[in-house]
Amino acid sequence: MRLEPVANPSAARRLGLPALALVATLGVAMGLALLAGANPLAVLGQIATGALGSKLAILETLNRATPLIFTGLAVAVAFRAKLWNIGAEAQLYAGAILAVVLGTGVLGSPWVLPVSALAAMLAGAALLLGPVLLKTRLGVDEVVTTLLLNFIMLLFVSYLLEGPMKDPMGMGWPKSPALIPEARLPRIVEGLRLHWGFALAIIAAVVVWVIQTRTTLGFEIRAVGQNPEAARFAGMPVNAVLVKTALLSGGLAALAGWSEVAGLKGHLSSDLSPGFGYTGIIVAMLALLHPLGVIVTAIFVAGIFVGSDAMSRAAGVPTYIADMLMATALLFMVLAILLTRVRVVRG
Amino acid sequence: MSSTGPGAEVVLRLDRISKSFGALKANDAVSLTLRRGEVVALLGENGAGKTTLMNILFGHYLADDGGVEVFGQPLPPGKPKAALAAGVGMVHQHFTLAGNLTVLENIRLGTDALWSRGHGGARAKVERLSRDFGLAVHPDAKVGRLSVGERQRVEILKALYRDARILILDEPTAVLTPQESEALFATLRKATALGLSVIFISHKLHEVMAIADRCVVLRHGRVVGEVDTHATDKGQLAALMVGGELSLPRAEARVAGEVLMQLDRASTPDRGTVPGLRSVSLALRAGQITGLAGVSGNGQAALAEIIAGLALPASGSISLRGVPVARWTPGEALAQGVARIPEDRHHQGSIADFDLTENAVLESYRSRFSRRGWMNWRAAREFAQGIIRAYDVRCPGPETRIRLLSGGNMQKLILGRAMASDPVVILANQPVRGLDVGAIAYVQSQLIAARDRGAAVILVSEDLDEIIGLSDVIHVMSQGRLSPAFVRGTMTAAELGLWMAGQKFEGADAA
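Read top to bottom, the protein sequences are chains W and P.
Residue 1 is where the first sequence starts when you use my numbering, and the numbers rise one by one after that.
Residue 1001 is where the second sequence starts when you use my numbering, and the numbers rise one by one after that.
The reader is advised that the hints may include incorrect statements.
Residues of chain P clear of chain W, computed beta-carbon distances all greater than 10 angstroms [to be verified]:
#1 Ala1008
#2 Asp1028
#3 Thr1102
#4 Leu1109
#5 Arg1278
#6 Gly1337
#7 Ser1406
#8 Val1424
#9 Lys1504
Cut-off 25 angstroms, straight-line C-alpha distance, at most; resulting in silico cross-link-like pairs (DMTMM-like, lysine to aspartate or glutamate) [as the list claims (entries may be wrong)]:
#10 W/Lys244 to P/Asp1353
#11 P/Lys1190 to P/Asp1228
#12 W/Lys82 to P/Glu1399
#13 W/Lys82 to P/Asp1355
#14 P/Lys1025 to W/Glu4
Sample of chain W residues at the chain P side, in silico, Cβ under 8 angstroms [stated by the list, open to error]:
#15 Arg214
#16 Thr216
#17 Leu217
#18 Ala230
#19 Phe233
#20 Ala234
#21 Gly235
Don't read these hints as lab results, they were simulated from the structure.
Quantities reported herein were computed from a predicted structural model and do not represent experimental measurements.
Cβ coordinates follow ideal geometry from the N, Cα and C atoms, glycine included.
Next comes chain W alone, as it looks inside the complex (with noise of 0.2 angstroms):
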């Protein structure tokens, strides 16, 4: 068996093995619940109804998808340009961490929420900055360099959480105080549960894929991504490209972090993410590095998610399957999206 490239691979080609992807998930996931001993067909009914049966799941779906949108975009705006950013659950963090330092009364209405936004985007960018400079200056790898920060700003948060940042009315609980009312993201619609962290996820998406389409910052992105030597030889000032790319990639993932306290919580606490950062990465390969398939790829991982809860509860499978779920799922689109440019021959 060997690998013959595919020079124009067909519509049907590059649509339908994608398709054929989520079917095999399905399939996976089907197996998997006979495994647990329940009926395959129920699970993945409740699953789907868990996720998208009811308006209220409809929206808890939706909420669980805007942190997905941000981390998922910081990952594909670096990863268009080959920089490998692992880190975006530390970004999330820091974003996190000044939603809370400015949104305990230190501003008021109606800056409050303009400036910690941005604050948080600094912080986060901040936080790749290191990564990035090592990289281009040193040649250090940064999947070691943000990941390991990943654990390092886990640490640092549930020391703000044990010390300077502690709620002194939490009874004890390692939590932040709550954030003002005027620090909170309001609903979109008065009476349902979606804050505006949804809808600021969307406006980032359509952003970045301006920014990558239409703007010189984008296509210097991108042809560093494909060919750094190349786009050396043009004239584009490599490095610098970089560092723009992880400052905006670091912005974003910490707005993740920003919506979720300001927009769900209202406080910080060291379970904030159950690991946004790292499915943000599942949620940008899923789209194929898309901006725009970004949106869609967080939803549909969110409603596995969340449907996932709903359908543990009823049937008694352990939510666990939404984890192999996602593992399937990306290892399936992966082999997919290879499949549309090779084909396998035998011989």
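For chain W, the structure is supplied; the task is to place chain P on it using the hints.
For chain P alone, kept in the frame of chain W given last:
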């Protein structure tokens, strides 16, 4: 001579091979026979179907129609291993060696089992082959440190080690110096004397005349001629290839203008075994083509990098119109009117998955096709269309990804991009390497036209004919040193060869 020559046993027969890619007929009922001890040249422009045919023979592609016979046995289609086992060895234009392994390890890779430890028997065999065929290369040298010529020898040794009786060489001299090519020919003569047969793919006519017994000429996927080399001449072959008489442009001598770019005692550090520059002083004048001849790996790359803006010399200076430059980047070079045609158009000159529009504006998107950070794609696309029209880039349109273009058309786009900025200095680094006759003539005539408009052109090439044909002034590089300037017509190829070999430098140093 009954065992070789026209009456000899047929070792390879391609019978009416056809292969289509979509609407394109890459091969249309192509037949070819190869006899024992014979060199058959496969001639044709880029895109004529040579590589497709060899890929079918080697099982990389499945033919739509037709069959392959090796030593009288039909070859099962689509099985590279079957071709190998039948004694067919291929040396690709782009080598398939692992740079971090030694010569011996590369030769054994894929042939001997991974777990076989000792190199003893293999070493003896490689040394014997290396002696018999005149392929001098050290078995324990790391391939990454070898010159291009040596790497090619490793590829040939690899084929011979697998007991190949039929060698297919795809554009073997495209990357070689004249001396290395001569050595290769000596090897091929030894091989045929030992009863091997060779298919030699090329579009360098003088080499085909020198080495091949027979020529099969392909055009648009069909065999348009099959001639004995001793019964033909270069003109006839060229006419067969391109379908008309073609003459390479020859530049007229002219008076040079002011110095536009000057290097003054520029030196750079060595890179491994490749020497850096040794106090090189060079003046590029308006309205002049300066040819830089030399065997590859003698410092031309370092010199080209400095001119292109990729590096500053470690000591010495570079000045433009008499003003020394301090800040020197590719962007700065472009801003100062230095156009560059890079040596490696695939990795340096273009971005494979970008379309023609994006590749066309790669160097000028900031200055000409954007305002305050916003790209003007409409203007960019019109610009690309202008290049496509003016430079006859054959493509479906500006949205085509450049990877789908042939080398010649890719080079035309790069040329058009470089010329669009009305450059004052043009660095043309191996501008016609790997191109077909038609594209070569076109690119060269454009360089001459740029010179006539008053640009200073520096032509870096390993093809001495090209250098002599185009240059007003010739320098030779050897071991990082630059020879004095020779005005056109004052030096023969043989004399330049002595400079290339470095002998004349010793004389000049002593004097």
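- Item | Which numbered hints fail | none
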